[in-house]
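Novice: For reference, the chains in residue letters:
There are 2 protein chains.
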Amino acid sequence: MTSIYDKGLEPTEANHATLSPLDFIKRTASIYPNYPAVIHGDIRRTWLETYDRCCRLASALSNKGIGKGDTVAAMLPNIPQMLECHFGVPMIGAVLNALNTRLDARTIAFMLEHGEAKALIVDREFGDVIREALAKLDNPPIVIDVDDPEYGQGSAVSDLDYEEFLRRGDPEFHWEMPDDEWQAISLCYTSGTTGNPKGVVYHHRGAYENAMGNQAVWSMGMHPVYLWTLPMFHCNGWCFPWTITGFAGTHVCLRKVDPQKIIKLISEHKVTHMSGAPIVLNSLLSVSEKEKNSFSHTVHATTAGAAPPAKVIEAIEEMGFSVTHVYGLTEVYGPVTVCAWKKEWDELPVEERASLKARQGVRYHTLAGLMVGDPQTMKPVPRDGKTVGEIFMRGNTVMKGYLKNPEATAEALRGGWFHTGDLAVCHPDGYVEIKDRLKDIIISGGENISTIEVEDALYRHPHVLEAAVVSRPDEKWGETPCAFVTLKPDAPEVTEEDIINFCRERLAKFKLPKKVVFSELPKTSTGKVQKFVLRDQAKEL
Amino acid sequence: MTSIYDKGLEPTEANHATLSPLDFIKRTASIYPNYPAVIHGDIRRTWLETYDRCCRLASALSNKGIGKGDTVAAMLPNIPQMLECHFGVPMIGAVLNALNTRLDARTIAFMLEHGEAKALIVDREFGDVIREALAKLDNPPIVIDVDDPEYGQGSAVSDLDYEEFLRRGDPEFHWEMPDDEWQAISLCYTSGTTGNPKGVVYHHRGAYENAMGNQAVWSMGMHPVYLWTLPMFHCNGWCFPWTITGFAGTHVCLRKVDPQKIIKLISEHKVTHMSGAPIVLNSLLSVSEKEKNSFSHTVHATTAGAAPPAKVIEAIEEMGFSVTHVYGLTEVYGPVTVCAWKKEWDELPVEERASLKARQGVRYHTLAGLMVGDPQTMKPVPRDGKTVGEIFMRGNTVMKGYLKNPEATAEALRGGWFHTGDLAVCHPDGYVEIKDRLKDIIISGGENISTIEVEDALYRHPHVLEAAVVSRPDEKWGETPCAFVTLKPDAPEVTEEDIINFCRERLAKFKLPKKVVFSELPKTSTGKVQKFVLRDQAKEL
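Protein chains in written order, with the numbering used here: chain X, 1 to 541; chain H, 1 to 541.
Just so you know, the hints here were simulated from the structure itself, not pulled from any lab data.
Since the structure is predicted, the reported quantities are computational estimates derived from the model, not experimental observations.
Relax, there's no trap hidden among the hints.
When the alpha-carbon atoms are kept at most 30 angstroms apart in a straight line, the in silico BS3-like pairs for lysine-lysine are as follows:
1) 26(H) with 435(X)
2) 7(X) with 136(H)
3) 7(X) with 68(H)
If you only want the chain H side, here are some residues facing chain X, beta carbon under 10 angstroms, derived:
4) 23
5) 209
6) 414
Ideal Cβ positions, reconstructed from N, Cα and C, are used throughout, including at glycine.
Throw the hints in and build the complete structure from the sequences for me.
Specialist: Okay, here's the thing in structure tokens:
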């Protein structure tokens with residue numbers, strides 16, 4: 001049935017624009033051209049300079065024949081070039097694939113091949129891994145070498161120097177907003193719980209929405225000074241490269257997490273905001289009293305992953321941090337829930353405050369739906385804080401899907417909801433709290449480790465009969481992999497060290513089991529390993 | 001050319017949701033059920049109670065057969081019912097037509113007929129006008145009577161009482177988000193300086209965007225306490241009914257602008273934000289010193305329309321207000337530009353600060369394009385602060401169009417831009433400053449004279465309360481400026497010559513008013529000076 005509102009009121013160029021975070025840098029460079037955009041070592045760049053570099057990058061990539069729907073991979077730490085990639089690459093309709101810099105050559109090679117990367121921008125620190133990965137490829141991408149003065153070591157991975165590449169680009173390059181906000185903006189590989197990593201595809205609309213959502217739930221205001229303690233390769237830095245740019249903030253770069261350096265940068269640049277895994281916050285407690293007292297302003301920190309214990313929250317807040325707990329996954333552009341704080345909770349004893357804060361909370365404005373439901377029936381569980389169900393999400397900040405994997409996409413999005421695989425309860429106040437993971441993923445130092453991938457490596461050992469890997473609580477890393485191994489009956493003596501050394505050849509360092517236990521594996525009647533039993537054992541070790 | 005990103009990554013129910021401000025109240029009522037939503041006289045309602053009432057309203061309207069694409073008109077001051085209409089009406093896909101309560105019966109009748117209103121919700125204060133308007137209609141709408149205890153006079157306009165109507169509604173009513181974000185959410189008639197008013201149609205996407213945009217440019221944070229000094233019938237209260245709800249704020253209602261009452265409410269409820277025409281701010285200067293000192297916190301005020309003169313800004317800021325200047329039109333959902341303040345301007349002398357602040361500024365995040373261009377060629381004018389052009393806008397917060405008026409829509413949106421009809425310059429820093437309405441500019445001896453510039457000079461006169469300048473036909477010069485001036489109540493005798501001599505020190509000779517008339521200024525229902533009335537008067541002089 002049509003109404004009077006259905007006629008003569010169609011979208012036109014005047015009243016419909018695609019939503020994209022790319023507009024943020026155009027707006028900010030125009031209004032605040034001389035405001036500080038980037039701080040990195042001795043480098044200081046304004047928004048106009050940064051915008052100029054992004055346009056040059058877009059232009060230079062375009063000159064290489066790269067365009068709409070092409071993948072550009074980046075193996076970079078949190079340096080200005082990585083920020084530039086978040087704008088320069090999608091400016092030409094290309095898709096940014098930020099690679100986890102801790103991965104091994106085999107996995108990187110898989111990603112470059114699966115994502116069909118046409119170009120790869122790489123920091124010299126990862127030269128060896130990249131050289132090894134490239135050697136495995138039939139059609140290697142164009143490689144662009146980044147020589148960061150803050151690293152200052154290693155040798156060129158390619159003849160094509162990033163700075164020279166930019167110089168050849170046109171700062172007046174005429175780029176356009178995407179004509180469809182559903183167009184892909186980035187590709188982020190999950191750690192892959194079963195088999196190969198899956199390529200999560202984000203679009204412009206979702207990136208715009210989550211960037212705005214970050215600002216909205218965190219009340220960031222204008223000109224935040226954001227310290228990059230969170231890897232930009234993690235869900236595109238939770239969309240903060242776009243948020244901070246949109247609000248004309250300053251990106252304070254950081255190659256790697258180093259507590260002393262973090263405190264120094266906070267104090268020197270009056271950092272107002274940062275994000276990171278609990279381990280990052282935890283690490284800050286190790287600095288000296290003098291360093292702790294080197295700044296007096298409040299630093300707002302969002303943290304996600306395993307909830308920080310009460311003692312950590314208390315200690316870190318005493319230092320001058322105000323901690324906000326958020327939660328998300330690669331499939332949803334980073335954080336999409338927030339433990340929205342209520343002023344009446346300020347009065348509670350610290351333990352109670354910490355347990356309230358440890359909850360994953362409520363949905364962002366920009367997430368349409370958050371539900372804890374029965375994994376089978378997908379009916380919501382009662383809001384009793386007890387009944388465990390799976391977390392389901394829906395909305396514009398749920399991924400387009402997995403690249404070249406329609407089956408996995410359909411499975412993940414079946415029934416009109418994204419299935420997170422995380423188990424949680426819903427409290428009477430509507431706040432969600434994670435209780436366990438369906439998929440047994442281990443989060444170590446902010447990195448996801450698939451237990452299945454580690455088990456896979458263990459199973460390759462000639463003397464291993466069976467293996468199961470579970471998480472074990474760790475003060476420093478949050479969690480670490482703990483391996484339970486049954487040796488073959490005829491096996492010679494095998495030590496814990498032998499097993500770990502064997503894995504070292506097959507896994508990235510952070511994925512190595514920190515502990516190996518030789519024992520029988522407890523099983524269900526149908527022969528499935530009872531991981532919850534092993535988790536309990538691991539805790540006791 | 002298709003790419004790997006074009007296959008198997010289509011929108012589904014899980015990863016695509018329509019953007020609509022309706023979601024805000026659902027989210028806020030769920031997270032902050034017991035937080036204060038509404039304060040009105042002795043009435044206090046929480047977010048859960050307010051949400052309940054909105055659902056009941058939707059349900060009750062639905063019971064009357066009203067649904068998608070139907071118009072529901074409201075003739076209400078800034079009272080809780082008006083806020084409820086902003087959610088309850090679009091919850092069933094209907095379109096809210098908030099009527100300007102200062103209009104006459106003939107105009108109201110035109111709007112009800114043209115908008116095909118199926119229901120009309122009316123406050124008893126406007127009973128007479130509405131009765132007269134209804135008498136003119138062949139198909140009068142269902143009328144719902146609002147008996148506000150804060151008014152407490154008049155008689156019922158209809159047997160159908162709003163509260164009784166709500167009681168019959170279902171608080172558990174199952175409403176749905178629109179299936180298309182382009183769907184109409186509201187209808188706002190322009191004041192129509194020539195011929196009949198035009199019905200500007202807003203959609204859900206635009207309302208969501210401008211609501212988020214308000215928060216973003218104003219850094220409002222959570223839980224703003226918003227005093228309704230701006231009529232909600234003005235561009236849907238500049239989308240603030242949705243913004244304040246989205247950020248779980250408190251709506252402090254106000255039937256009419258009354259300086260003493262405003263100060264009392266600010267002090268009593270710790271109002272943090274308000275908006276209004278410069279005349280509203282101006283009126284606050286009239287309160288006693290004791291009242292001025294009755295609050296000590298900062299109140300953030302956005303103001304639009306004719307730029308407040310330096311002296312007003314200075315005086316109002318001394319009282320504890322922080323003034324942000326915004327600009328917009330009915331056709332663009334209220335404000336879409338903001339004079340984004342820069343901290344380095346804080347150091348400047350007050351006159352300079354005021355003239356910077358008087359500029360209309362830069363686009364919201366949520367407006368895609370803002371351009372000062374040649375009205376004919378639509379090419380941007382140089383950023384020289386001198387060349388006058390027309391302001392053009394484009395983006396998601398430009399109206400769908402004018403209801404049942406495809407010609408006017410096409411004319412207003414021709415060439416891919418909304419033609420504002422406002423004349424402005426673009427300064428070297430990219431900030432836009434309005435010089436005049438296209439039709440208000442005075443051309444004297446071939447020279448363009450900005451009436452705003454002349455008014456600015458008049459406002460600096462110590463005894464001038466208000467001033468308006470229009471063109472007056474002149475045999476020799478074609479047109480000359482004619483000034484209408486209202487003196488302050490306590491002003492001594494001031495002559496025409498005094499005023500002209502005062503201007504002589506501040507304006508080029510050809511810009512001096514040739515004629516000064518001392519009188520009250522005729523105003524529109526929305527507080528704008530009716531220059532066409534003054535022009536007619538000037539012709540007769």
